[in-house]
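Protein chains in written order, with the working numbering: chain L, 1 to 227; chain W, 1 to 227.
Among the hints, erroneous ones may be present.
Copies of the same chain are indistinguishable here, so a pair counts whether it falls within one copy or spans any two.
[To be verified] With a straight-line cut-off of 25 Å between C-alpha atoms, the simulated SDA-like cross-links for lysine to any residue are: (1) Lys173 - Ser93; (2) Lys173 - Pro66; (3) Lys203 - Ala134; (4) Lys121 - Tyr164; (5) Lys120 - Gln81; (6) Lys92 - Glu5; (7) Lys120 - Pro30; (8) Lys13 - Glu131.
Read the hints as simulated data drawn from the structure, not as lab findings.
A quick note: this is a predicted structure, and the numbers were derived from the prediction, not measured.
There are 2 protein chains.
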Amino acid sequence: ELFDELTAFFQPKLLAGRRVLLTAGPTFEPLDPVRGLTNSSSGKMGFALARACAEAGAEVTLVAGPVSLPTPAAVTRIDVQTALEMRAAVLKSVAAADIFIGVAAVADYRPVQASEHKIKKTAVGSALTIEVTANPDILAEVASLPAAPFCVGFAAESQNLADYAESKRLAKKLPLVVGNLVQDGLGSDGNSVILFDDAGQHKLTPGPKMEIARGIVAHIANMLEQD
Amino acid sequence: ELFDELTAFFQPKLLAGRRVLLTAGPTFEPLDPVRGLTNSSSGKMGFALARACAEAGAEVTLVAGPVSLPTPAAVTRIDVQTALEMRAAVLKSVAAADIFIGVAAVADYRPVQASEHKIKKTAVGSALTIEVTANPDILAEVASLPAAPFCVGFAAESQNLADYAESKRLAKKLPLVVGNLVQDGLGSDGNSVILFDDAGQHKLTPGPKMEIARGIVAHIANMLEQD
Numbered sequence: 001e002l003f004d005e006l007t008a009f010f011q012p013k014l015l016a017g018r019r020v021l022l023t024a025g026p027t028f029e030p031l032d033p034v035r036g037l038t039n040s041s042s043g044k045m046g047f048a049l050a051r052a053c054a055e056a057g058a059e060v061t062l063v064a065g066p067v068s069l070p071t072p073a074a075v076t077r078i079d080v081q082t083a084l085e086m087r088a089a090v091l092k093s094v095a096a097a098d099i100f101i102g103v104a105a106v107a108d109y110r111p112v113q114a115s116e117h118k119i120k121k122t123a124v125g126s127a128l129t130i131e132v133t134a135n136p137d138i139l140a141e142v143a144s145l146p147a148a149p150f151c152v153g154f155a156a157e158s159q160n161l162a163d164y165a166e167s168k169r170l171a172k173k174l175p176l177v178v179g180n181l182v183q184d185g186l187g188s189d190g191n192s193v194i195l196f197d198d199a200g201q202h203k204l205t206p207g208p209k210m211e212i213a214r215g216i217v218a219h220i221a222n223m224l225e226q227d
Numbered sequence: 001e002l003f004d005e006l007t008a009f010f011q012p013k014l015l016a017g018r019r020v021l022l023t024a025g026p027t028f029e030p031l032d033p034v035r036g037l038t039n040s041s042s043g044k045m046g047f048a049l050a051r052a053c054a055e056a057g058a059e060v061t062l063v064a065g066p067v068s069l070p071t072p073a074a075v076t077r078i079d080v081q082t083a084l085e086m087r088a089a090v091l092k093s094v095a096a097a098d099i100f101i102g103v104a105a106v107a108d109y110r111p112v113q114a115s116e117h118k119i120k121k122t123a124v125g126s127a128l129t130i131e132v133t134a135n136p137d138i139l140a141e142v143a144s145l146p147a148a149p150f151c152v153g154f155a156a157e158s159q160n161l162a163d164y165a166e167s168k169r170l171a172k173k174l175p176l177v178v179g180n181l182v183q184d185g186l187g188s189d190g191n192s193v194i195l196f197d198d199a200g201q202h203k204l205t206p207g208p209k210m211e212i213a214r215g216i217v218a219h220i221a222n223m224l225e226q227d
C-alpha cells in the first residue's frame, strides 16, 4: 500500500490544470424498489481511470452508478442510480470540464413503469412482459454540445470489436474510443484494450486495470498536447 | 482489524459441528453478455452471516451471486450468476447441510431468450418488450425436501413487513424468517431486522450488519437447541 502511494505520487503530472469528468459503473433502472434492469459492470475500470487522472494532476469529478468501490483519493464523487440521474449529474458538471470520459455501462433501456412498492412474485414458470424504452445517450449528447470537452468513449463488445468501436467513434464524433472485448475485462482486475483514434489503432499492453488506466491517461495527454 | 480478528476468535461456538449452506447477493439474468435483470443486493448481509456462522464454529458453504466482496475466512465459496445456476449449486450441496439460509435476492424472473452477443441499441425513446418467465423458488424447494435442513428465509419488503414475512414463513413452512424494510438495509453497512418464528416477533437491536448477523446466529442456535 505504501508502494502504491509512492507510485501514485511519482506519476508524471500529465493532466495538471485539466478538469476531468468521468462516469463509471452500471446504472440500475428500477422496476420496483428492489428489481431492475442493469448492465454488468464492476465500475473498476472507471474508478481506476478516475484515480489515474487524479494522480496525473487533474481535478476529477466522478459520476458513479451503484457500485461499492471506495472513492479514489482527491476525487469528487456523485452517486447516481439511473441513466436519467447520471445524465442530469453530467450535464450539471460538464461546463466546467476539459475532458469527459464515459466509462459507465449505462443501461440502454429503462422500464416504462416503475412500481413504488415491491411487485409480488407470480407462480413459477409464469410469463410476464416488461415494457422498456431506450435511454438518452449521455456521451453522444455531451460530444455534440457547442463547447464540448475532449470526449472519450468506451466500447465493450463481445465480437467485432474494431468495427463497433470505430463506428461508435465516428457516429458520436469522438476523438478517442477505448475498446475492449467483454470476455477479457468484465469484473476482473486486469484488462486488455485497444485505443481507436484518427491515427488508427493502438493496442495497450494487457495488464492490471490501474496500468491500463495510466496508459489511457498518457494517450489522452498526448492527444491534447498535439491539439 | 486485529480487534476484529480477536472478536471473531472469541465468539461463542454456538454452531460447532453444524454445516451451514447459505446463498447471498443478487442473481443476474442475462439478456445478452452485458445486459440483464437483477435485484439490487450488495451481498453484505449474506456475507456477514456466512462469517458469523464460521466464527460460531460451523462448516460454511456460501453460494454467491455476482458481488465483489472478499470471501470470509474459513468459508467455502461457490460463485454463480443466474438463479438456475444458484439452484443447481444449492441442490448439489444441500444434502450435507444441517442449516440452509437463503439470503440471496434471487431474481424472480429471467428473460425467456438471452442473446449470445450484445444487442445493438435502438434509437432513443424507442420501445421494446422483454419476455420474462418466473424463476424457481430455491428456498421453497429446499424447505420441501424430504430430509430438509433447518431453513431460514429473508424477507426484504418496502411495506407491510410483518404481514409479508409471516405469510412467507407459513407458505414455505420455514421455522424462521428474517424480515427487514428495504429502506433500512439495502447496500448499507447497517441493518435493522425483525425475526419471525413460531413464538412470534423478535426485533434485534439495530446495528452494523456483523452484529445483526451474530444476533441471527444466536437465535438459530437457540432454536436448534430446543429442537
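A quick look at each hint next to the structure:
no.: 1; hint: Lys173 - Ser93; in the structure: within (21 Å within a copy, 53 Å between copies)
no.: 2; hint: Lys173 - Pro66; in the structure: neither (28 Å within a copy, 35 Å between copies)
no.: 3; hint: Lys203 - Ala134; in the structure: neither (32 Å within a copy, 43 Å between copies)
no.: 4; hint: Lys121 - Tyr164; in the structure: between (38 Å within a copy, 12 Å between copies)
no.: 5; hint: Lys120 - Gln81; in the structure: both (23 Å within a copy, 23 Å between copies)
no.: 6; hint: Lys92 - Glu5; in the structure: neither (32 Å within a copy, 45 Å between copies)
no.: 7; hint: Lys120 - Pro30; in the structure: both (15 Å within a copy, 21 Å between copies)
no.: 8; hint: Lys13 - Glu131; in the structure: neither (48 Å within a copy, 51 Å between copies)
Taken one by one, the earlier hints fail for this structure at numbers 2, 3, 6, 8, listed in ascending order.
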